[in-house]
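Take a look at the letters that make up each chain.
There are 2 protein chains.
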Amino acid sequence: MSSNIYHVAERAGVSASTVSRALRGDRRIPEATRQRVERAASHLNYVPRMAAQVLAGQGYRTLGMVLPHIEGTYYAELAVGFEMRASELDLSVVVLQANHHAAMSGAVRRLVGQCDGLAFLAKSAASDELVAEVARTRPTLTVARTHMPGITSIYAESAGPSQQLTAHLLELGRRRLAFVGPVDPGSDIEARHRGFGRALTAAGLAVPEPITVPMDEPAGRALARQLVEEDLPYDALVCGNDEIAVALVHELQELGVAVPDDVAVVGWDDIRVSRYLRPGLTTVAQPLTELGGLAAEHLHQLLQGQPVPEKTVLDTVLVHRQSCGCITANHPPLQQRSNHSKGARTP
Amino acid sequence: MSSNIYHVAERAGVSASTVSRALRGDRRIPEATRQRVERAASHLNYVPRMAAQVLAGQGYRTLGMVLPHIEGTYYAELAVGFEMRASELDLSVVVLQANHHAAMSGAVRRLVGQCDGLAFLAKSAASDELVAEVARTRPTLTVARTHMPGITSIYAESAGPSQQLTAHLLELGRRRLAFVGPVDPGSDIEARHRGFGRALTAAGLAVPEPITVPMDEPAGRALARQLVEEDLPYDALVCGNDEIAVALVHELQELGVAVPDDVAVVGWDDIRVSRYLRPGLTTVAQPLTELGGLAAEHLHQLLQGQPVPEKTVLDTVLVHRQSCGCITANHPPLQQRSNHSKGARTP
DNA sequence: CTGAAAGCGCTTACAG
DNA sequence: CTGAAAGCGCTTACAG
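Taken in order, these protein sequences are the chains called A and B. If you're matching positions, the first sequence starts at 1 in UniProt numbering and goes up one per residue. If you're matching positions, the second sequence starts at 1 in UniProt numbering and goes up one per residue.
Do not take every clue at face value.
Unchecked claim - Per label pair, the in silico range of CB-to-CB distance:
| # | chain 1 | residue 1 | chain 2 | residue 2 | range |
| --- | --- | --- | --- | --- | --- |
| 1 | B | K311 | A | L44 | 50 to 56 Å |
| 2 | A | E254 | B | E229 | 32 to 38 Å |
| 3 | A | P182 | B | G150 | 47 to 53 Å |
| 4 | B | E10 | A | P185 | 27 to 33 Å |
| 5 | B | D26 | A | L44 | 34 to 40 Å |
| 6 | A | P287 | B | S2 | 29 to 35 Å |
The hints are simulated quantities; they were obtained by calculation from the structure and are not laboratory data. Quick reminder that beta carbons are idealized off the backbone N, C-alpha and C, glycines included.
Model the full assembly from the supplied sequences, consistent with the hints where possible.
Next comes the structure, spelled out in structure tokens:
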């Protein structure tokens, strides 16, 4: 097997205590001794076993991150932000993808035994009950997930920007609007639908039933075909995310429908495809990296026994491109940021 | 503090040994006892500390995954495949994003002390020396990274498909070709450039200097502007990845250049944008999820002491869309798969 | 079927 | 400045 602290101690001619102190940068160890120990350690390829350190009272210095089966950039960006900040704080990250997971609670429990604190990112297979159970054992928070009373959460606003975006479409003269996405109670999508409804109500219009389809590419293409068959009963579609919005636009175009002239389409998330689509997709950008980073940060604080706000709500940014009809129609965009996102430089 | 095995033992009226056995499913424990123990455990919210289990000889049952700062879907897909397979094999995954990391070797060393085996995905900040050092301590392999003698590696072929793709452009009548990407020695990109060169040589053409720019969106847009200024000296561009290819195409179009008529562009990776671009980007799809999954699988085998092949090379798939000029020009695609990818259903 | 005891590899008061 | 020793929370031969 590989070497342990006693091997290093022997080779350096000191005790294990001294090796431990030297390697952890204890100021009491003189430079010469420290160097001797370090040479011995490196010669033996010695790496302290984290398990032993943990057991000796160091804590795992590790954060758990539970997220849905990652696909597309959305979860990846959250995860990136989380890991980067954790890494800066000298914390490791254990990941667990929680969908497709028959034995969810077993897997999460295992994760709990392996870290000091956990973040549940977005709506994953982990149920509210499971999250609550974990929260009883360890510092726990949710990110981009519905707030649960008593559990720290971090997310971006949904209802407000959605209302704003819908009002924007109304201002542009659209009247037959529909919301696309599964409006599950307590979800982000429900909040976006709520904003959508508020805008319509404020304009004196009835709120139609949402088109509840899964928010992915196949569903988007299928919906496009269905709408064309039905002779395009809407002049604006507010989608729950960009993934379905881009598929919808692309397929509508294949079928000869003009976007935004025949129908405007807007999404949510500002995924990368959205700015390559023609017309560019008008959408709402969430500060995903920041959400992830903040999660790591707050967990770190909780680990130190410092308090954090129970709810942290970040702002989103409306990204105006052409699919809402606003730029072609020569309406002023609601905000300055048009067609810019993370280094994009479309003129 | 949270409860430990002795608390559970006390509450269930048995010894710690029995608790341990019951919870691990030891067949010698009668059902009634097992249930009593389980009730006590769940009542106390007991979760075994992994650190203690590891120290008692169980191994970490955890894999380390080192990857470059994830961005876009490429690394995400590798990571997803890895985590999913690991999870199926009942292994946890600790992630470390290795770029941007001043203290690379420290971070990796820490990771080593925290898992049983490691995978280095793609070219990350971890140097070959660091990988070799780790390999001396733990089962280690590289994925989508240049093969290092003596170290298990898994990757998809590069030179062959690149040569094929380049030959395809030549067959379509293109004569002024260029390769776009940083041709670092030992990298995948170098291999792709090699295939590019072979095709040209086989056609009796000279191999031009590669256009060595970073393979990202800003570089792609900048290159487009530069090429237009130079009056478009090429009629086909073979790009090192899709990220720069899509930016290049999009920006060229903004500047009034027709793709593929004025210039054909092909990429590598089949990222999601590629099939939404108009014209769709002809590219090479790597089996990323499979690469990641195989990595977890092989690591698992190595952990069990079973041998795995030192090199595993997976096939890629040429994805023919319109940016190469092949479909518009009514040439038969090299392979059947055209415009299909992971559930895409463009007619 | 079950328990007492040793041992995994560290860290850290404690004593010098 | 340094070492001997206890202890962290488990698992598992060993003995019954």
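We went through each hint and held it up to the structure:
no., hint, in the structure
1, B:K311 with A:L44: 50 to 56 Å, "violated, 30 Å"
2, A:E254 with B:E229: 32 to 38 Å, "holds, 34 Å"
3, A:P182 with B:G150: 47 to 53 Å, "holds, 51 Å"
4, B:E10 with A:P185: 27 to 33 Å, "violated, 42 Å"
5, B:D26 with A:L44: 34 to 40 Å, "holds, 37 Å"
6, A:P287 with B:S2: 29 to 35 Å, "holds, 34 Å"
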